[in-house]
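So the protein lines, in turn, are chains A and L. Once you know that position 77 of the first sequence is 77 in this note's numbering, the rest is easy, because the numbers rise by one and skip nothing. Once you know that position 86 of the second sequence is 1086 in this note's numbering, the rest is easy, because the numbers rise by one and skip nothing.
Treat the hints with caution; some may be incorrect.
Stated by the list, open to error - Computed cross-link-like contacts, EDC-like style, restricted to lysine to aspartate or glutamate with a CA-CA straight-line distance of at most 20 Å:
# : chain 1 : residue 1 : chain 2 : residue 2
1 : L       : K1049     : L       : E1066
2 : L       : K1061     : A       : E59
3 : L       : K1049     : A       : E100
4 : L       : K1061     : L       : D1085
5 : L       : K1049     : A       : E95
6 : L       : K1061     : L       : E1020
7 : L       : K1049     : L       : E1015
8 : A       : K79       : A       : E59
9 : L       : K1049     : L       : E1088
Worth flagging that the hints you see were computed from the coordinates, not collected in a lab. For clarity, every value in this text was computed on a predicted model and none was experimentally measured.
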Amino acid sequence: SQTIHQWPATLVQPVGSPLSLECTVEGTSNPNLYWYRQAAGRGLQLLFYSVGIGQISSEVPQNLSASRPQDRQFILSSKKLLLSDSGFYLCAWSEITRSEQYFGPGTRLTVT
Amino acid sequence: AQSVTQPDIHITVSEGASLELRCNYSYGATPYLFWYVQSPGQGLQLLLKYFSGDTLVQGIKGFEAEFKRSQSSFNLRKPSVHWSDAAEYFCAAGGANNLFFGTGTRLTVIP
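Construct the entire structure; sequences and hints are all you get.
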């Protein structure tokens, strides 16, 4: 069966510091991968998605970036965090021919 | 514009009572439709999905949802709510690589 991992689970970072969140998927090959942000009391905002290694689509311009160095690894990064980057970050995957997405446990990021 | 609306931000029901969570979508064609559940501090778990065919779909944990094309709706139902159903519920619609999520409905279950 497929599993999706995210780490760290929680993170507290000062404004202006860098960020690296990692997501890995097991038990499948060539998945579509997604990064979402969930702010308090709001729905999910799609940040990036990837259909293959090195292929990243950005949905919202901001100071975040994403990379996919390996087939089942998806990384969310920032060079300098802003207070507004605080939130709950969710990684998800889907099979390339299907629409349903499966979510990881999330990372709670607090920028202080 | 493509969007999903969940008109109820918060719903409170008594344990054992029936439940219906509303979802309306705006999409160019008939989208794929999903309901997810999220417990506090956790990721989203897929409850059920609709692609085509029978408009009443069954999901996990005793949930079901009905697709009504004429109303652009996909409401989630459960005949008897359990205390463990307290969570946030998200409706989503879309196609490959572009799911649109509603803003969620928080369900509180009282004994």
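Now the hints, each set against the structure:
no. : hint              : verdict
1   : K1049/L - E1066/L : holds (10 Å)
2   : K1061/L - E59/A   : violated (33 Å)
3   : K1049/L - E100/A  : holds (8 Å)
4   : K1061/L - D1085/L : holds (9 Å)
5   : K1049/L - E95/A   : holds (15 Å)
6   : K1061/L - E1020/L : holds (14 Å)
7   : K1049/L - E1015/L : violated (25 Å)
8   : K79/A - E59/A     : holds (19 Å)
9   : K1049/L - E1088/L : holds (17 Å)
In summary, the structure is inconsistent with hints 2, 7 from the numbered list given earlier, while agreeing with the others.
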